[in-house]
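So you can see what is in the structure, the chains are spelled out below.
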Amino acid sequence: MFELATKIVINGLTSSLVYILMALGFTLIFGIMRVINFAHGELYMIASFLVFALAGSLGWNYYLAVLVAAVAVGLFGALLERVLFRPFVGRELNGMIMALAISISLQASAFILFGTDEHSVPRPISGVLQFGGVIVPRDRLAVGLMAVVVLAGFYVFMRYTKAGLAMRAVVQDQDIASIYGVRPKIIHPLAFGLGAMLAGFAGALMAPIYTVYPYMGSQPMLKAFIVVILGGLGSVPGAVLGGVVLGLTESVFATLINTTVATMVSFVIVVVILLVKPTGLMGRSTR
Amino acid sequence: MKSMSMKRTLIAVLSAIGLAWTANAAAQTETLKIGVVSALSGPGSEWGLAQDGAIKIAAMEANAKGGLKVGGKTYKVEVISYDDQYKAALAVSSATRLIEQDKVKFIVGPMGSAATLAVKPLLEQNKVVAIIGAYSEKALDANTKYSYRGFPTQVEFVGPIVQWLKKNKPDLKSVAQIDPNDETGWFSQKLLKEQYQGAGYKVVSSELFERSVKDFQPVLTRIIATKPDIIELGTTPPGTAGLVIRQARELGFKGQFVKIGGPGVPQIVAAAGKEFAEGLICYAAADATTPSYKGLETQYAKVLKPPMNEFTVYFYDVARMLLDAIQTAGTVDDTEKVRAALDKATPYKGIQGPIRWGGMKAYGVNHQILTPTFIGMIKNGEQVIIGQME
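Going down the list, the protein sequences come from chains G and X. Reminder that position 109 of the first sequence reads as 1105 in this note's numbering, one-by-one numbering, no gaps. Reminder that position 319 of the second sequence reads as 301 in this note's numbering, one-by-one numbering, no gaps.
Isolated chain X, as found in the complex:
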């Protein structure tokens, strides 16, 4: 009897000590959970991983400084990532899980217009501050309160690139477009068509393809029959764009390829072959030769497998803005205060130059990040910067 009660007492005491220990430990560092729902696999994952990598780098750097100090407490920043494979349905279920089960108030993602438009009502309703990545203009409007677009869209950079083309390659007159058959592709085609036509080009064909297609011979046979000078690849994911380039060249297309859309030169070169990819003119998010870019690449290798996509630069800057805004607001729970702080956070020192919010005129709300952007050309398998736009 006595040994039983002694045993019980021992267990009770040990449990009490254990509980006190864990409670104590928990009180010292709390966790700030930031969610990621993005395309982490499949086509388009180059860009999704840019979002994921960016916030992971920002979190890693904050934790290396001992944690994020917010309102008197120190927080370890933890990133919870879910893969939506660039699909709207998966994005919705992942976002729901993040909000309801993981109880996050800050999300980086989604990547892709279809996924973003599907998830946005959920985010606004739950007052979740989000850094979205969608080219569609519908992603931001006058009623948007909690979503911020972390990268410039074609609306911001297509004009300067088309002008550059007109000035530097004046003998190119006609354009054929090819884009994926979903929200991202529809928007891109419509916008680019307007811009090209506005600049005096003739748009001779506009083709859409299902994202699962790999054999572009039928589509390209039709396109090449319209005799375009330029094939505009738009928002085609880089790996797929490389396939289009290769197959078009094999079908005898000798004209100019242009990609005013999501970047990804390494994947394009890998899929098209160095020889065929030569001379592609594309939108470039960053100058990969600068020390700040290379520094970010080193950081990226610590959190994800290289190579790093240029988009990471944008999302890294905005992720830091978000963490700073949380600190300024002094709270990890009150997203109203964080949102207000984030609105006021510009101009901000990005790693490529100053960035600020804008977009009131185009979208009705100042939640569009405005950053320096570049024009690139593929020379000998590498991207060379041939122009810069503010």
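Bound conformation, chain G alone:
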């Protein structure tokens, strides 16, 4: 019984960490630019493919590939902001549609380039850890630990650097922030790039765990969406809380009943939260 509970909690938390990575990037982009980035799942997918190409086909060191992939996706995100999203600043609907268009184009490009096959990335760590009766795959644990490192870095950045401070100011109130000299032209690409890089880390870390294929971004995108609705659009602590709630809930129901029920329950939770507290667990209502 204790073993099962431990297994459920560990499973749930390792999923949560990946969800949090995805959700944080998503919520940052929304908080700063008011853009609902439907292409977030594809940023995850691109990072996975980069790791597949670098560590898989070219034989690079896996951790180097992860770093390069995440940074590359971050830069790509900043580029997207500059070229495709900047014309739509302030217009949420247009930004959303542009993101949707980018998502479809990226999926199709990946399909044209790589075909429909599910590719495997060589695993840097394999084997399992055994504590008593509880078996934990090492690779998933490693992903969890690396995710914690990335999130810690993100926290330090947001809390202790000038740029992080500026971003938090913009999330709270864009107009007042600009009075204080925060320039959107710098903050927007920085925010999009940072958000994209978080998605990139998620994709790069998860590449060896399952398989890599063009449509792999839709599920993480959906999870990010649910987490952000749960935690509150634009709220960073909300994204963390939402991620933990979703990951643990899914794990409990999936192990004890089945995955279909787990998915259903996660959506039911979203509906309940939206009815009871529409801004999410930790969101604030916008004026």
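Simulated from the structure, these hints should not be mistaken for lab results. Among the clues, some could well be false.
Computed, partial: chain X to chain G, Cβ under 8 Å [claimed, not checked]: (1) G24; (2) N163; (3) K175; (4) S194; (5) P200; (6) V201; (7) R204; (8) T208; (9) E232; (10) L233; (11) I368.
Nothing here was measured: the structure is a model prediction, and the numbers come from that model. Positions of the beta carbon are idealized from the N, C-alpha and C atoms, including for glycine.
With the hints as your guide, set chain X onto chain G.
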């Protein structure tokens, strides 16, 4: 004035010549359009591309001979393919487009029971001869006139494989099943459960998973708790099956994996890793070491990107049967005549051996292709044939 009318005359003459030219050209070679609606992307696309590739190879070969000669005219065979991503709704819209806009009378596809059952009424109503790929027994019944199943289903091959297991691995006694949660998976689980139980095995769990799931730890934790000797992967698509195998091994499962369902050893090995996939016993559609198989692989590489899935062998044979039936019937429009010719086309010389229609007893209509099938085992990342069934 004069230059204007001269200009007009010139245009009129040139147009007349142009029209006559194109009309002449068109009259010399007409086009026979064959439609494909199948899973060309996403999980399950290994099998969908087998259908697509098969008819494309048959078309390519017919065109290389100068075209298909039917009833005094020569036809260039053109394949129009639409991707339904293994989803019923997309299959219906694609089939509708093929029938109403592209005006095809012959379709290869769909692949997958959900898609096939959704599309079949449309096909029967429009008298479209179809070569379907669906494991569900509901796909063929006594009222089926125009649909033909292009591959043997678990009904045809599960019995011999279970018997082989019983004879050669007698210390395995209990089975856990895992299949996708849709029509294909439901049918497969029900049938395999009956067969295993009939042979004396104990079925200790039967799990279904949503096709989008990649994390099988919860499901496998439950399955492994029931202590099965065998995990039967059924109709799980190959890439996903590989993930199941890997995650099960990582959770400590040391038993036997069996897959009596759609084949795809390369994808299974790629997703599971060579070490974990070792020893899997599976249904094999073809012996990949024969020259005729390798020849087909070469042809496949000319129409689609390799690797070729074993199912291509079945659909290639039946596609050729269809083209031959069109020739015998002498018409590309009258599907009644083509259907009658196709019914009589057996026994037919397939590339792995003789094939024929059957299935009257099981389904009520002789539209099921009966072919040689094989039992395979994964050794060192490759499929090795360990048995053959007729």
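For each hint, the structure was consulted:
no.: 1; hint: G24; verdict: holds (6 Å)
no.: 2; hint: N163; verdict: holds (6 Å)
no.: 3; hint: K175; verdict: violated (17 Å)
no.: 4; hint: S194; verdict: holds (6 Å)
no.: 5; hint: P200; verdict: holds (3 Å)
no.: 6; hint: V201; verdict: holds (6 Å)
no.: 7; hint: R204; verdict: holds (7 Å)
no.: 8; hint: T208; verdict: violated (14 Å)
no.: 9; hint: E232; verdict: holds (4 Å)
no.: 10; hint: L233; verdict: holds (6 Å)
no.: 11; hint: I368; verdict: violated (26 Å)
Checked against the numbered hints listed earlier, the structure breaks hints 3, 8, 11; every other hint is satisfied.
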